[in-house]
Each structure stands twice: as C-alpha cells, then as structure tokens.
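Make a model of the complete structure from these sequences and hints.
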Amino acid sequence: MALQFLTAAKNDNVDVSTIDERSLRWKIDLRLMPILCTIYFLQYLDKTLLNYAAVMGIRANLTSSQYSNLGTIFYVGYIVSEPITSYLMQRFPLGKYLGINVVLWGIVVACHAACRTYAPLMVIRVLLGVFEACVAPALVLITGMWWTKPEQSRRTGLWYMQIGVAQIVGAAISYGFQHVNSTKIANWQILFLFMAKQGCLTVLIGLATIYFLPDNPMSAKFLSRGEKVLAIEHVRKNQTGVENKDFKWAHVRELLFKDAQTWPLFFITVLAMIDNGAVSNFSSIIISTFGYSNQRTTIIQMPSGAVSIIATVFATYLVAAVGERSLFVAIITVPSVIGAGLLLGLPAHLKVGKLFGVYLLNFCPAMLPIIYSWGAANTAGYTKRAMRNALTLVAFCIGNIIGPQMFKAKDAPSYSPAKIALIVTMSLVIVFAVALRQLVLWQNKKRDQEIAEIGFNKAENFEFLDMTDIENREFRYSH
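Using our numbering, the first residue of the sequence shown is number 905, and each one after it goes up by one.
Simulated from the structure, these hints should not be mistaken for laboratory data.
Keep in mind the model is a prediction, meaning the values are calculated, not measured.
Some clues are possibly wrong.
[To be verified] Subject to a maximum C-alpha distance of 30 Å in a straight line, what follows is the list of computed BS3-like cross-link-like pairs (lysine-lysine):
#1 LYS931 / LYS914
#2 LYS1101 / LYS1000
#3 LYS1162 / LYS1152
#4 LYS1141 / LYS1125
#5 LYS1255 / LYS1312
#6 LYS914 / LYS1149
#7 LYS1125 / LYS931
#8 LYS1149 / LYS1162
#9 LYS1149 / LYS1088
#10 LYS1141 / LYS1312
#11 LYS1141 / LYS1000
#12 LYS1149 / LYS1125
#13 LYS931 / LYS1149
#14 LYS1000 / LYS1088
#15 LYS1162 / LYS1141
#16 LYS1152 / LYS1349
#17 LYS1088 / LYS1101
#18 LYS1314 / LYS1255
#19 LYS1152 / LYS1141
#20 LYS1350 / LYS1255
#21 LYS1000 / LYS914
#22 LYS914 / LYS1141
#23 LYS914 / LYS1152
#24 LYS1125 / LYS914
#25 LYS1314 / LYS1141
#26 LYS1125 / LYS1088
#27 LYS1314 / LYS1125
#28 LYS1350 / LYS1162
#29 LYS1088 / LYS931
#30 LYS1152 / LYS1350
#31 LYS931 / LYS1162
Take a look at the structure:
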C-alpha cells in the first residue's frame, strides 16, 4: 500500500519541498500519542482495579484460590483471543478495529457494577481479557508504521509508562472509596459502581479512537498528500514496511521455525512477566502482610507507580540514545531481583526494607516496552510483525497466568516459595538476554560476510516490498 501511494504521488509530481519535517513530526505526535497513551492508561487501570478491591473487602467473599483465579482468568481470555485478534488487525482497518474493541471493553467494565459473586466476575474477567487483547499489539504496529526505530523506543516508553500513572490513580481511587462508609453496600461494591462510570468514559474514548485515529499514514485525514509522502519516507530506513493486508502463512512459518531469535525472546518475556503477574495482582496483599491497615496499604502502593514510570523512562530513552536493548533488559531486571531478595531475606520487623523490596519489583515489568520495540525493530514483513506481536503477548499472558498462581494460601503470610521463584525466573531473564545479544551479533556478522563475498542485488524500493528480515540480507538486527 505504501509503495503504491508513493508511486502515485511521484507520478503526480507532489511537492514536498515546502514541508518542514520537524513540524510534521510534532503534528503526528500531537495527534497520535494522546490517543495511544489514554488507551493504554485505561486498559491497565481497568484490569488492575481488582488488586485494589482486594484490600477493600472483596476477598472476604472469595476463597484464596478464587481470588487467584480471577487474576488468572483475565489472561486466559487474553491468550486465547490473541492470535485471532492479531489476524483480524491485519485484515481490517487498524484504527477502527482498535476503537471498536475499546468500546466493547468499556461496556464490560461497566458491567462490573452488576457483579456480586464469583461466577459473574469470572465471566466479566474473561471478556475483559478478550477485548483488551488487541491493545498492545495494535499500539506496537501503529508505532512501527509512523516512527523510526530510535523514535519507536521513546514513543513506546511514553505510552507504556501510563501503567505507572494508572497505578497511582488506581491507588488514589481505592483510598478515596475506603473512606466512604455504608451499611448497605461494601466498599469494594462502591468501587465497582464507580467502574460503571469509568466504563462509560472508556466507551467515549473508543468512539473518539474510531474517528480520530488513522488506520495508517496513507489514510490520515489530518495530513496533506505531501505530508503523507514525507511520513512514509521517514520510516523507509526501518526496512520493515508500513502495512500490508495480505496475510502470508510463509511469514508465520518463518517466525516459528526459522527465526533463531523467536524463542529466546519468547522465554525472556514469559520469565519477566511472572514478576508482572505477581505485582499486578498480589502487591496489595504482600504489603498488607507487613501489618499495615487496608487504607495505608492502598496509599503506600502509589510509589510503585512512580518507580514504574522512572524505570520505563530510564530504559526506553537510554535505549533510543545508546541502543543495546539486550543489556538494558538485563540491567533493569537486577533491581527486581534485589527486591525479591529483600522480601525473602529481611525479618518481619523491617517493614520499610520489605516495602522497598515491593517497589523494586516494579523495575522488571518496565522491560516490556523494550521487548515491544525490540520485536518491532528486528522484524520485517507485516504478517510476521503482527504474529511476532501476538507471540510476545502470548508469552506476556503465560507469565501473568503463572505469577498469581505462585502465591498459595498455604504459604501465607510469608509466601517464601513464590519469592524464591521470582528470584530464579528474573535471574534467568538476565542469562537469556545476554545470550540473545550474542546471537544477534553473530547473525549481523554473518550477513556482513555474505555481502562482502557475494553481494546483494537490491530491488528498487525494496524497503516497501514486504520482505521479511531473513529474506532481506541487507537487514541488520538491533541488539
């Protein structure tokens, strides 16, 4: 699509000489980034309010295993729908498809207000996972079609850091509702009533997304024809194309069976997201075991959001400036390993040290935007990129399914086995990241040798021919 657009513009002698590229970049940023950030903020806030409801009394109506299941079942819906939604994103207009799913999950969020028991909550959590499954892969695809590889890292970090903002806002909302006293309705039920209004807001955001978010640079109504040409040419150096609506099974086979980077990156994501599953669903419960009241447990979760924001900005902006994604994945995991060690090793009376350990656990999940941008930077061919995103999100779900299940009721209140498991899994992330770096360096060196010995015949506009990174021997991987 991009190549046909450029060819038509060239034939029509579209003038781009008067367009300021810096102003164009700002124009694109100001149109797209507020939408992407708002969507990611809402999807994280909506799915993690269960964590805050835990300290507001909902666990009194559930067994420990039922609460864990509510945290897990969301990701079951997510993981089952992920390959399907990734296929549909390629077949249908991306902006419209994303907006429709935002509307649908907003309706599901509003339905929380009608839930009083375990069974309907399970149904609602499954549906929430199904409709939120498209968010991250859609945002990764959108980021990849508008910005260069270094720019992608910063933009991905910007919308991903909304997790930290949502943690702070969620804690503030929960803290506020814990001060609302009613003899007829529990505090957690009041929170769910509030979620009905929040669901209505999410629906409005979804409708705005359908109208304001373009499906691709070629269909962007807020850009002139010349600006569209410059926007497409700006990402030519990525060699990953812009968009292609033809689903190619050959790309899927290459991803699963020929790409040596696929499974190391998959297992890095699984292992890292085990920590994320623990933080998302059990951080409030872990903190409550320190002896704090429910209200204080809620309010002291706010610094976790600040840690998440700082870690995300640190990782993504330095990656954009320096590169070395693999090393930053390893580096950003170290504080979380230390945090789990503090939780495991410190005696019960050192509450501040243990609390500091909980905060440090929020570093590891901040590697996810690096993984998103890493996959986007190192994957060419639109179908392959879409399926890479799906596979990354499948790994994300597996980790988040495992995380809550490690916290067994029989291990309370110390949960020592879960903390040991966190140390082991995050240490393995560091090992896999360093190993993947060596693999990428070897692949790039091998390609340099091939070009030097036999050369490579470039087709005209090969950057937009939907070649995969393996087919395009000029392609060099980021590490």
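Original post:
So which of those numbered hints doesn't the model satisfy?
Top reply: 9, 10, 14, 20, 25, 26, 27, 29 and 31
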